[in-house]
Amino acid sequence: MSTAATTASVFDELAAIVGPRNLSDEVAELITFDIQGTQSAIRVSPASAEEVAAILRVVAARGLAVAVSGGFTQQHIGNPPERAEVLLDTSRLVALDHYDPGDLTFGVGAGATVASSEQRLAEHGQFLPLDIAERERATIGGLLATNTSAPLRHGYGGLRDYCIGIHFVTGDGMVAKGGGRVVKNVAGFDLMKLMIGSFGTLGVITGASFKVAPRPRQTATFVCEFASLPEAIGFRDRIMASALTPIRFEIVSPRAMEYVAAHSDARDPDHYHPEAPVAAPDTSWSIVLTAAGSDAVLARYRRELSAARELTGSAEHDFWNGQLDFHANVAARHRNAMLMQLSVPARAVEAALAGAEHAAVEQNAMCAALGRAALGSLTVAVIPLSVDPPSAMQYANAASAIRASLPPDGSAYVLRCPIEAKAHFDVWGSTPTDRSTMLAVKRALDPAEILNRGRFLL
Amino acid sequence: MLFASSIVRQLRKIAGRDAVLSAREDLMLYEYDGGVQRALPQAVVFPQTTEQVARIVKLAGKEGVPIVPRGAGTGLSGGAIARKGGIILGFSRMNKILEVDVGNQRAIVQPGVVNLDLSHAVAKHGLYFAPDPSSQKACTIGGNVAENSGGPHTLAYGVTVNHVTGLEVVLPDGRVVQFGGKPAESPGYDLTGFFVGSEGTLGIATAITVKLMRLPESVATLLAIFDSIDAAAQTVVALTSEGVTAAALELLDGWTLRTVEEAMHAGYPMDSGAVLLIELEGMREAVDDQKAAVIAVCNRLAREVRVAKDESERQRLWAGRKNAFGAVGRISPSYYVQDGVIPRTRVPDTLRRIEEIAKKYSLTIGNIFHAGDGNLHPLILFDSRDPAQMERTLAAGKEILAYCISVGGSITGEHGVGMEKSEILPLMFTPSDLDVMQRLHDVFNPACLLNPQKIFPMARSCRETNAAAHPAAGLAFTQGGPA
Amino acid sequence: MPLSIEPAPHASCFSAHDRPTWELYSTCVHCGLCLQQCPTYRVLGTEMESPRGRIYQVMLADEGRLPIGDAFVTHIDRCLGCLACQTACPSGVPYGHIVERARAQIEQRYHRPWLASWVRHFVYAGLLGDYKKLARWARRLRWYQHSWLARAVRASGLLKLFGLAPMEALAPQVSQAFSFEDFGAMFPARGERRGRVALLAGCVGSVAFDPLNRATIRVLQANGLEVIMPEGQGCCGALHAHAGRREEARTLARNNIRAFEQWSCDAIVTNAAGCGSAMKDYVDLLAGSSEDSETAASAQEFVKKVRDVTEYLAELGVRPPAHPLALRATYQDPCHLAHAQRIRSAPRELLRAAGVELVEMQHPDYCCGSAGVYNVVEVELAGQILEEKMDDVAATSVNLLVTANTGCMLQLRSGVARRGLPMQVKHVIEVLDEAY
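Note that the protein sequences, when read in sequence, are chains A, B and C.
Using UniProt numbering, the final residue of the first sequence is 458, and nothing's skipped along the way.
Using UniProt numbering, the final residue of the second sequence is 483, and nothing's skipped along the way.
Using UniProt numbering, the final residue of the third sequence is 436, and nothing's skipped along the way.
Just chain A, same shape as in the assembly (with noise of 0.2 Å):
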């Protein structure tokens, strides 16, 4: 259906949106920016909420259908593309901008980096609280877009607590903003979080206002390491019902803990090379915590948690930087890798990862799984062992394995696997909210489905 012939058409009057240096159909170009094996014919960037209303008039016109791309570092999630002749590109779109340092509110557009609004923030003080990794590449439209979750929401929130403002523009052109700049505030309907983790399925998000939060001037993390899976959870449950308010509170498994600690020079235990040592395989369960505040709030940390390993300075920054590289680090050792995203009730979270445990066991692979101790949001990495390529059913059978342990309303999907695999499961999993109310909201907003068509749930 899209011809060559079609294509090119429709670049002339992108072009004529966007400005010609704007958009590009240079294959050699595009196949950098290769989703999930799909490359788009035409790659634009707009710079305003305008050009994005029009690229997408035209293109569902054309019957085309769009990706939405920020930083790429999140393009592994999901189906790949049904389809993407156009590869919509957020980087220009920055137009949005204000900071109000005072009342620590902070607008800007959807293809701004991650990197570049910390540092305008660490300015004053200030930071988005959302420790994230590649952030020099991540955009605060992908972020919102995927809903990304990271330690330190456990004591400031998530997106959808602190994102006070959106802009996007919808399948079909609208350019629609809910909330607005002010902390407060119930006026109309809040599209913040209809958007929040829509993965560009119902609009293309071009900026966002936030409300951010002093950055703590001391802090200092605590590892309390128990011989089993039980142990941490009494551990958490304590801690959870005790005075103590961490603003990171992570549990962490015994494998898991070789892709996070800080890069040893021991080899890789599962590359055969009987002559060089071998890390000695980690046993224990941790939690992890980190806590904020003067002297005696740290020092009350210490009396409270006397039995644990104190990280602060230089060391606790390099444990956080590889607890957030920890998928990373996963998928650059195994290719082969599943990683799982779960949100569950707090009380779940032992079932789940005793779950994952076994589910990984049983597929013949390891798994190492961190996340929020209290909150229940874990990523659960499926390493299959490199003794023999694994099946696409491999990945199937330990995905309905893990999903089968969560509570009814738990959910698990996934956040890379091989793309070959894909084609044999659902990757997203079930979820409690009902489906065809989110189809028709899906319809409302993108009535020719040509956003992100075919990767999201629906």
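None of these hints come from the bench; they were simulated from the model.
A quick note: this is a predicted structure, and the numbers were derived from the prediction, not measured.
Each residue gets a CB set at the ideal place from its N, CA and C atoms; glycine is no exception.
One should not assume that every hint holds.
[As the list claims (entries may be wrong)] Ranges of calculated distance between the beta carbons of each label pair, as one might list FRET restraints:
| id | chain 1 | residue 1 | chain 2 | residue 2 | range |
| --- | --- | --- | --- | --- | --- |
| 1 | C | R419 | A | S436 | 23 to 33 Å |
| 2 | B | R17 | A | E50 | 30 to 40 Å |
| 3 | B | D227 | C | R419 | 55 to 65 Å |
| 4 | C | A287 | B | R300 | 29 to 39 Å |
| 5 | A | P408 | C | E434 | 52 to 62 Å |
| 6 | C | G184 | B | V307 | 52 to 62 Å |
[As the list claims (entries may be wrong)] If we take Cβ atoms under 10 Å as the criterion, some of the chain B residues that face chain A in the derived model are:
| id | residue |
| --- | --- |
| 7 | V122 |
| 8 | G126 |
| 9 | N162 |
| 10 | E262 |
| 11 | T412 |
[Unchecked claim] Just a few of them, taken from the derived set where beta-carbon distance is under 10 Å, the chain A residues facing chain B:
| id | residue |
| --- | --- |
| 12 | M174 |
| 13 | R181 |
| 14 | F199 |
| 15 | G293 |
| 16 | L324 |
| 17 | D325 |
| 18 | R347 |
| 19 | G429 |
| 20 | R443 |
| 21 | G454 |
| 22 | L458 |
Based on the hints, put chains B and C in the right spot on chain A.
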């Protein structure tokens, strides 16, 4: 609109004989809520189960009759008013706490559960429900969900939407659907978050899963006393930018605090220009640190900073704030309370501006507000028997809101748009923004039978069906009521 | 609350005499904070049965939009008059004054069925207005309670048949002696003399709570107070005022003012919260009547001296008891003490002074459903309200339930009996008396 007695009969069949009101003398008691809008419903029904709600909604759909959910009727923007008549769904009999899940810090409640009753019920587990609108002794969690209610302590803990993770919803076509659950989030669209604050226009929540928070170990309440309102306002800016994360930060101006002090004897000095009421919560050590920081910042401009010595002094200081609207009510039975929001850096300018507006219209305007999040509640005093003064009051209210918008603020921080502000919503949103919102509205509520003529301006809301509407008089009045 | 959707005002349904005025009801901003505090709203869940709704109905009637018909009367009658809404109200709405006046309008403008009219007349004008008649009927009741007839009637199930069983359970056990016999007597102070008080014995108090009156006298004496029981005193008129029979209430008020005026004393004390709150309201009651201009000054003098016995003792500071009790108890706030008179800490202080460890129940200031004669008139509703209260009481698992009003004691005793709880119900003063 014809309202067949057969509808009343069918309602009785669904919910029970004693669960339906249809006599005029009873219906008149459902023409009001906490605001001043009025409209008479044609029937009131008190369902006891989700299934009954679904059957009533289906019946209303079949008969083409509007349906308006109502909790305790404490709202301030006319959300629970049957503007086009029809059936009011009263939730006073769906007031059970269905489940308290201590381990997961969640509760599942029916919409008619009173906000404070939930906190009382879970206090024995050291937990509470954080949103604390001033009407929390009476207002229902269903109403909180509809309006996305706030309160003094939302500064630290967020509004209702930040504390709801799942909903069971009856859609206007009678289907019962689930959005979210106990987990903090789920893949797919966050319809839970979208639904909260939709003012009863998208569906009817019949079971609500809420977060329960752990009661703080330590609480400190401070009263900072200033000679001028400007000094208090500057201090709000300083506290915010210093990164003091207070649980609550409330401002009362000189006129208001004197009025309150006379009625309540809360301990506010009569000769001061303004006071800030500041509450800090959390770990003992953290509260001590914050207390020191707050005192240091306040002392730059304050005449004096007092720290409540015990629970009774704390309660006394709060009694002043919580009963402030009523105290004003004692000296002037009619007052118009606004609900604008401004960036916190604009607090001093805005207060000066409100003073100018008061002078311009020769009105008394008291200022009491959630300073910590820039949520103003100017109280404009008027005599309802003087039409000229009422007109000036309306004009002053509108001018204050216009100013809020001009500095990047909002027309409502916690009371909702409802009937009161539907005509001025276009001051904040473009036609295109509103079109998108209405498209979403129509996904859920295409026939506009559920809480019709709310949020959106009359000229927009369901054009084909608004013939029988009551005339909308621009910015409507809200008289009285706490916030 | 002047804005309403019907533009043209009709003629008011109220007469000018004892009228709930715009000045009284317009202070309500219908915020709804009163709803959950109202016992009838909690049970019935409708606006008509809420304080806000009742005030609105009064406004509608005054605007001529709602007739003083069956609906109006039903809803206004159902109010217990507990005044919990007044405590909750941020605007200081004088709800009690509004409802009493609304009831006065009902008395003037509404014809109750003949039986109800006759009973009301017999009780209010007959029994409660005339202590001789009251004593006579009380003796008859006492005879009945101790007779074979009562046992026979109970055994026959006749009362159940006529739905009168709960009422019989609520009827006070008539005392062996009546307090009338002590009228005119003076009881000397013990120990160092700290003052002199005049005691109102009360109508029901005199015939059904004579032991409590005697305990009150002993406790006052023990605290160095000389106690007098002025002759000529009568019923306080609370029940009449609550029933809208304000003229009868005024007659009783004038009578009491005259009776107590004869004696110089530091305070006029009562052990019944309902009587105390009614007497503290004499100024408002008499202000409505033109013939009371000269009584006005003496009413003010009278009101200044009225104290609940717990209030007065706590102000004075009680003497440490000789035999402190090592008991755990829970305390039920009588509505007319907590809400009408805002007295909450005084009775608790006295209990602690008696050595009692207080175990607070949930919502100690929620009404028990007694409310004067309410539990007799609205049997079923009062029963539901009592059930709610007994849940909270039972949760404390103590063996002693203390309150400070006679009506509440009767209601709570029937609640305890109905549940079969191993619990005694006592007045604060009785507990203190035991400790001395």
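Minimum beta-carbon distance criterion (10 Å), B/V122 to chain A: B/V122 check fails; min Cβ-Cβ to chain A is 13 Å, beyond 10 Å.
Chain B contact restraint on A/D325 - CB to CB distance below 10 Å: The hint is violated - A/D325 has no Cβ within 10 Å of chain B, the shortest such distance being about 23 Å.
Range hint 30 to 40 Å (beta carbons of B/R17 and A/E50) holds or violated: Taking Cβ atoms as reference, B/R17 and A/E50 lie about 60 Å apart, which means the hint is violated.
Residue hint A/R443, partner chain B, criterion CB-CB below 10 Å: holds, 8 Å
Restraint satisfaction for B/T412 [CB to CB of chain A, less than 10 Å]: Holds, about 5 Å.
Supplied distance hint 52 to 62 Å, evaluated on CB atoms of C/G184 and B/V307: holds, 57 Å
Residue hint A/L324, partner chain B, criterion CB-CB below 10 Å: violated, 19 Å
Hint check, B/G126 versus chain A [nearest Cβ-Cβ separation less than 10 Å]: OK, holds: B/G126 within 10 Å of chain A, min 7 Å.
Residue hint A/G429, partner chain B, criterion CB-CB below 10 Å: holds, 7 Å
Minimum beta-carbon distance criterion (10 Å), A/R181 to chain B: holds, 5 Å
CB-CB spacing for A/S436 and C/R419 relative to the 23 to 33 Å hint: violated, 50 Å
Range hint 29 to 39 Å (beta carbons of C/A287 and B/R300) holds or violated: violated, 53 Å
Comparing the model with each earlier hint shows violations of hints 1, 2, 4, 7, 10, 16, 17, 21; every other hint is respected.
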